[in-house]
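Chemist: Sequence:
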Amino acid sequence: MAATAAPGAEGRLYDHVKLRTWRETSGLSLTAASAALGMSYPWLAGLESGRARNPTVEVLTRLAELYGHQPAELLPGAAA
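Sequence positions in the sequence shown follow this note's numbering and run 2 to 81.
By construction, these hints were calculated from the structure, which means they are not laboratory data. Each hint should be verified, as a subset may be incorrect.
[Said to hold, decoys possible] Calculated cross-link-like contacts (lysine to any residue; reagent style SDA-like; alpha-carbon spacing at most 25 Å):
(1) Lys-19 <-> Gly-78
(2) Lys-19 <-> Ala-53
(3) Lys-19 <-> Val-60
(4) Lys-19 <-> Ser-35
(5) Lys-19 <-> Trp-44
(6) Lys-19 <-> Met-40
(7) Lys-19 <-> Ala-65
(8) Lys-19 <-> Gly-47
(9) Lys-19 <-> Arg-63
[Said to hold, decoys possible] Here are the simulated distance ranges between beta carbons:
(10) Thr-62 <-> Ala-36: 15 to 23 Å
(11) Ser-27 <-> Ala-79: 14 to 22 Å
(12) Glu-59 <-> Ala-79: 14 to 22 Å
(13) Ala-80 <-> Ser-41: 27 to 35 Å
None of the values given here were measured: they were computed from a predicted structure. Every residue gets a Cβ at the ideal spot worked out from N, C-alpha and C, and that includes glycine.
Using the sequences and the hints given, assemble the complete structure.
Modeler: Below is the structure:
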């Protein structure tokens with residue numbers, strides 16, 4: 002089931018730029034992060050580039066937790 006929050010910039014339900022920044026700041030490569038989460042490299046790359054527009058709340062939660070953040074921080078307009 003896809004997240005149902007109001008779409009943000011460009012129709013995305015999450016901040017893909019923040020997601021990439023968190024991963025880079027954590028020092029994880031896309032390969033390491035995707036392995037830690039049990040998701041495919043192409044899917045995570047798509048999330049970070051903004052090509053994947055409808056990740057589930059579970060996916061966003063797992064990503065935020067891996068990088069030491071709260072899932073709500075990924076919502077459009079959330080404080081940095």
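Chemist: Please go over all the hints and tell whether each is borne out by the structure.
Modeler: We went through each hint and held it up to the structure:
1. About 11 Å separates the Cα atoms of Lys-19 and Gly-78, which keeps this hinted pair within 25 Å; it holds.
2. About 14 Å separates the Cα atoms of Lys-19 and Ala-53, which keeps this hinted pair within 25 Å; it holds.
3. Restraint check for Lys-19 and Val-60: satisfied, since their Cα atoms lie roughly 15 Å apart, inside the 25 Å limit.
4. Of the supplied pair hints, the one linking Lys-19 and Ser-35 holds, its CA atoms being roughly 17 Å apart against a limit of 25 Å.
5. In summary, the hint linking Lys-19 to Trp-44 is supported, as the alpha carbons are separated by about 16 Å, within the 25 Å threshold.
6. A C-alpha spacing of about 19 Å is found between Lys-19 and Met-40, which places the hinted pair at or below 25 Å, so the restraint holds.
7. At roughly 10 Å between alpha-carbon atoms, Lys-19 and Ala-65 fall within 25 Å of each other, so this suggested pair holds.
8. At most 25 Å may separate the alpha-carbon atoms for a hinted pair to count; Lys-19 and Gly-47 meet this at roughly 14 Å.
9. About 15 Å separates the Cα atoms of Lys-19 and Arg-63, which keeps this hinted pair within 25 Å; it holds.
10. Distance hint for Thr-62 and Ala-36: a CB-CB separation of about 18 Å, consistent with the stated range 15 to 23 Å.
11. Under the hint 14 to 22 Å, the C-beta atoms of Ser-27 and Ala-79, about 18 Å apart, fit the expected range.
12. For Glu-59 and Ala-79, the hinted distance range of 14 to 22 Å is satisfied, since their beta carbons lie about 18 Å from each other.
13. The hinted window of 27 to 35 Å between Ala-80 and Ser-41 holds, with their beta carbons roughly 30 Å apart.
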